[in-house]
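Asker: Construct the entire structure; sequences and hints are all you get.
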Amino acid sequence: MATVSSLLLFFFFFYTHALAVLAAAGNEVALFSHVKSILKRGESLSNNGSSLTLETDCDLVLRDANKMILWNSGSVDKGVECIFWVGKYGVAIVSDVDGSPLWTTGSPGPPGNYAILLRPDGKLRLYGPSIWTFERSASSASVVAEQRLVEAKPPSFDSSGYVMYSSEEFIYEPAVGVMLKHGNYSLVLETSCTIHIRRNNYQSSAEFPVAEQRPRAFRAVAPPCKTQLTTDGQLEAYKLLYLGAGGLDDVWLRSWGSNFTVLAKESIAALVDRGKSGELLIYPMKETIT
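If you count by mature numbering (1 follows the signal peptide of the UniProt record, and there is no 0), then the sequence shown holds residues -18 to -1, 1 to 272, one letter each, in order.
There may be inaccurate statements among the hints.
[Said to hold, decoys possible] Lysine-lysine pairs mimicking BS3-like chemistry, simulated, CA-CA at most 27 Å apart:
1. K105 - K49
2. K18 - K60
3. K22 - K247
4. K247 - K105
5. K221 - K258
6. K22 - K258
7. K163 - K258
8. K18 - K258
9. K258 - K105
10. K18 - K105
11. K163 - K105
12. K268 - K247
13. K163 - K268
14. K268 - K18
15. K18 - K163
16. K221 - K268
17. K163 - K221
18. K60 - K163
19. K258 - K247
20. K22 - K163
Calculated from the structure, these hints are not laboratory results.
Remember, it's a predicted structure, so these values are computed and weren't measured experimentally.
Answerer: Here's what the structure looks like:
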């Protein structure tokens, strides 16, 4: 863990933007540097029963589903109004509202977009800088029906609904499927087996077909699609060409890809609601905090 004194000079030179007041609220599992999201005193990230809370005394505390304390930062200071955030150099910080750090962790990296994530298994990790991003403005998006069908592999259920892990695989058939949803935006796997960000408008959702899960033997009724995020950070979509039979595997055709990778042990994709636009970012894992 880096000490406050060793990083004061670093923040003096590189702290170039004002802290935002975009507090994490509701069902949040992550904080993002590029939208300057923060935790205020008494607020938490929570995922699959685990929680990360910035206590009223400014101590950052990680608890499991049974409310047992697994870890704490020790950043106790009852005399200040404190916040928790992640900076554009990939350092997680408990600071006062002016940005003076009370506690930091993580080694500084190149400038970019970073995220700190409480995973479904209770681990707290830093990701970034992002290697790929796609943004869709509200004016160019359309309505989608809300439906999420998941064939999940470890890690287990992510309670946010807006983070995809490199160990997850989503399969939708025969039509529209919502893979991720955050605020007013959804990441949708289309019938063409391509991926788009669309703005939600559930009053009109009946205009769109709803995905339904079919038995494997009936998959040939309509070409199903699937998406996956690889460990090295590539998001891909596939269309089924041939249904496997007689012990043979299914044959898939790659129909879409983000086409950028980096050497990493794990990657995530996160859908972020930026108000006037929805944005998908792919981050490689930087380091584990706890």
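Asker: Against the 27 Å threshold, does the CA-CA distance of K268 and K247 hold or violate the hint?
Answerer: 9 Å, holds
Asker: Does K60 pair with K163 here, judged by a C-alpha cut-off of 27 Å?
Answerer: 37 Å, violated
Asker: Sort out whether K268 lies within 27 Å of K221, counting only the CA atoms.
Answerer: 32 Å, violated
Asker: Can the restraint linking K22 and K163 be considered satisfied, given a maximum Cα separation of 27 Å?
Answerer: 24 Å, holds
Asker: Are the Cα positions of K105 and K49 separated by 27 Å at most?
Answerer: The hint holds at about 15 Å.
Asker: Measure nothing beyond the straight line between the CA atoms of K163 and K268; if it is 27 Å or shorter, mark the hint as holding.
Answerer: 24 Å, holds
Asker: Going straight from one Cα to the other, do K163 and K258 come out at no more than 27 Å?
Answerer: Given pair K163, K258 holds - Cα atoms ~15 Å apart, limit 27 Å.
Asker: Hint check: K22 vs K258, CA-CA at most 27 Å. Holds or violated?
Answerer: Holds, at roughly 24 Å.
Asker: Does the alpha-carbon distance linking K247 and K105 stay inside the 27 Å limit?
Answerer: Between K247 and K105 the Cα gap is close to 15 Å, so the pair holds against 27 Å.
Asker: If you draw a straight line from the CA of K221 to the CA of K258, is it 27 Å or shorter?
Answerer: 31 Å, violated
Asker: For the pair supplied as a hint, K268 and K18, confirm whether the alpha-carbon distance does not exceed 27 Å.
Answerer: Given that 27 Å is the threshold and the Cα spacing comes to 19 Å, the pair holds.
Asker: Does the alpha-carbon distance linking K258 and K247 stay inside the 27 Å limit?
Answerer: 33 Å, violated
Hint compliance for this structure: hints 3, 5, 9, 16, 18, 19 are not met, and every other hint is.
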